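Student: So the sequence lines, in the order shown, correspond to chains L and A. For the first sequence, this note's numbering gives the first residue as -19, with consecutive numbering after it. For the second sequence, this note's numbering gives the first residue as 490, with consecutive numbering after it.
FYI, nobody ran anything at the bench for these hints, they're computed from the structure. Please note that a few of the clues may not be correct.
Mimicking BS3-like on lysine-lysine, the simulated pairs with C-alpha atoms at most 30 Å apart in a straight line are [as the list claims (entries may be wrong)]:
id : chain 1 : residue 1 : chain 2 : residue 2
1  : A       : Lys498    : L       : Lys(-18)
2  : L       : Lys365    : A       : Lys498
3  : L       : Lys354    : A       : Lys496
4  : L       : Lys348    : A       : Lys496
5  : L       : Lys91     : L       : Lys148
6  : L       : Lys198    : L       : Lys91
7  : L       : Lys69     : A       : Lys743
8  : A       : Lys574    : A       : Lys638
Fair warning: this is a prediction, and the values are worked out from it, not measured in the lab.
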Amino acid sequence: MKPVYVDNNATTKVAPEIVEAMLPFYTEMYGNPSSMHTFGGQVASHIEKARKQVASLLGALPEEIIFTSCGTESDGAAIRSALHTQPTKNHIITTMVEHPAIKTLCETLSKHGFRITTVPVDNRGRLDMDFLTKNLTDDTAIVSVMWANNETGTIFPVEEIAELCSQKGILFHTDAVQAVGKIDMDLSKTKIDMLSLSGHKLHAPKGIGALYVRKGTKFTPFMIGGHQEKGKRAGTENVASIVALGRACDFARESMEKENTYVKMLRDKLETTLTTIIPKAVANGDLDNRLPNTSSISFEFIEGEAILLMMNELGICASSGSACTSGSLEPSHVLRAMGVPYTAAHGTIRFSLSIYNTEEEIDFIIEKLPPIIKRLRSISPYWDKSWDF
Amino acid sequence: MWDYTEKVKEHFLNPRNVGTIEDADGVGEVGSIACGDALKLTFKLDENKKIKDARFQTFGCASAIASSSALTEMIKGLTLDEAEKITNEDIADYLGGLPKEKIHCSVMGMEALEKAISSYRGTPEKIVEGIEVCHCFGVTDIEIEKAVKEHNLKTLDEVTGYLKAGGGCGNCHDEIQSIIDKFIDGPKKSAVKLSGMTTLQKIRLIEETLEKEIKPALLKDGGDIELVDVDGTTVFVRLQGSCATCSRSKITLKNHVEAKLREKVVHNLVVEEVVDEARIC
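Could you build all of it, start to finish, from the sequences and the hints given here?
Tutor: Below is the structure:
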């Protein structure tokens, strides 16, 4: 059974042409780019090409790109650098809906004496900008706000926040892991100081990421050792994956329009149909201002893991807003921050599409999911039969 | 992805005995929608006082549905005396085992059965005793102690898997750990600890002192105080309301709060104010 894969915010299929681009670096071109000999040294030019490709997608300069191992590393490097380079500042502002890469880091930093302010969101997942503005102080070392939320796809006004921070001399970082490749960006026209991205969300393999650091920004490395990446990130380069990330950035630019038309059309069809034919099913997030591929739908009075497993039986791969599947027993912190009621939060499913999805797949989900919801509700003590469809 | 047995999957995909019995002899309801799982169990007895029919309704994950389905199959044909001997381990065994994070699903089954039997017999429901430790799932210290003792739980993860306690915000992890430590280290270490005060006892006494002796005075001035953490003899508190912004708060902290706690708890105790705003849970 070929899976119907609608979990692309978790990870994406590696594009066949990207796999192809990587292979020489696992076979004949295995040299170390730092070596003195031509055999190794020639590999370095491929890294520099990839750097240009990444920079080009972001509207950045090649020297502003540091290759890392993943989005989480990029996030950690950005925040820690901001604290190291400004030892007198003790305050970080972030949001209540960040990815664990930022959320857990900030919780840990708060135990080490840093003051953390988390900006709340409204019931559509929109940031409380007044709150954010009021909390910018002379003591604020960095503000970190994700570009787009991984669970609901809600897009945040990061360019506006970066501008605000810049006026006050505060560093601004954005975790753009979900946004890169889906939102057209030109960092040269913004005041964003640092930005994290991850390869495996844009059809490159897992284990490669990048951090953009604006030229002129003070930076101390997170990984210390050799002189790789001009001393900004030690460790022998993951050459094949760096090449893949470069290629993936070209690929993302080529497919960005398709993301915002074709993928969006499929997402809208899926969401509109499901929320129309299934009673007490509600789409979450800022519906008019979100990623084109993401839909978070709460099916009230049932639990997400049960829905996921029934879909799994049919080969449909999605993910649950309920954390039953991820270790914690509470519903997702994103949905709780939005004030989604418990009746709905536990039964939330996230669908995240990609250009590889077909309309037949969406029709398949539209056909198969309603009976699953109906079935689980017939078991639930909270479901009233008079609501049935 | 949970590692469910074939039997769990089978009971989840084809649950037996779904529904409610209208004129049931026994009804037991446990859990809540906020907790993420709930079970309503109903049964009917035959003329020989054996369970003739049992039905369930469950809101919850796959293993909660499978555990409920298994329970209804297991109790059919039993007398109430026989049925009440069924433990959560029996339910898990019937299903070929449950992942340790999901043991609480079988516990929910056992509790619903206990409640349903009590409702038939007209015996009062067991009152939950103790002080609430896990506020996310409403689990008390006595419940945790009982589970640790009776089921030989050795780690925080096991307690969470069994009772859900600690599965939410995580603020109670230290407290749960200290309850486990009381039992895991055997009688020797407990005896040594008990000669002084256990961490748990200390925390309780600090809480009690704050509640009864310190808060009332602060509340009068429009302020409030919250216990954040206890580390050895250092007590971390957060001042709230007018205290949080009062320039005299440091004096309040040392002269009033610390002095009182030293008097009631330990003489060398130190009070520290926490001023971070990072309360995520």
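Student: Hint by hint, say whether it matches the structure.
Tutor: Hint check results:
1. A:Lys498 <-> L:Lys(-18): holds (21 Å)
2. L:Lys365 <-> A:Lys498: holds (26 Å)
3. L:Lys354 <-> A:Lys496: Holds: Lys354 (chain L) and Lys496 (chain A) sit about 23 Å apart, inside 30 Å.
4. L:Lys348 <-> A:Lys496: Given pair Lys348 (chain L), Lys496 (chain A) holds - Cα atoms ~24 Å apart, limit 30 Å.
5. L:Lys91 <-> L:Lys148: holds (27 Å)
6. L:Lys198 <-> L:Lys91: holds (25 Å)
7. L:Lys69 <-> A:Lys743: holds (27 Å)
8. A:Lys574 <-> A:Lys638: Holds, because 19 Å separates the two Cα atoms, which is no more than 30 Å.
Checked against the numbered hints above, the structure breaks none of them.
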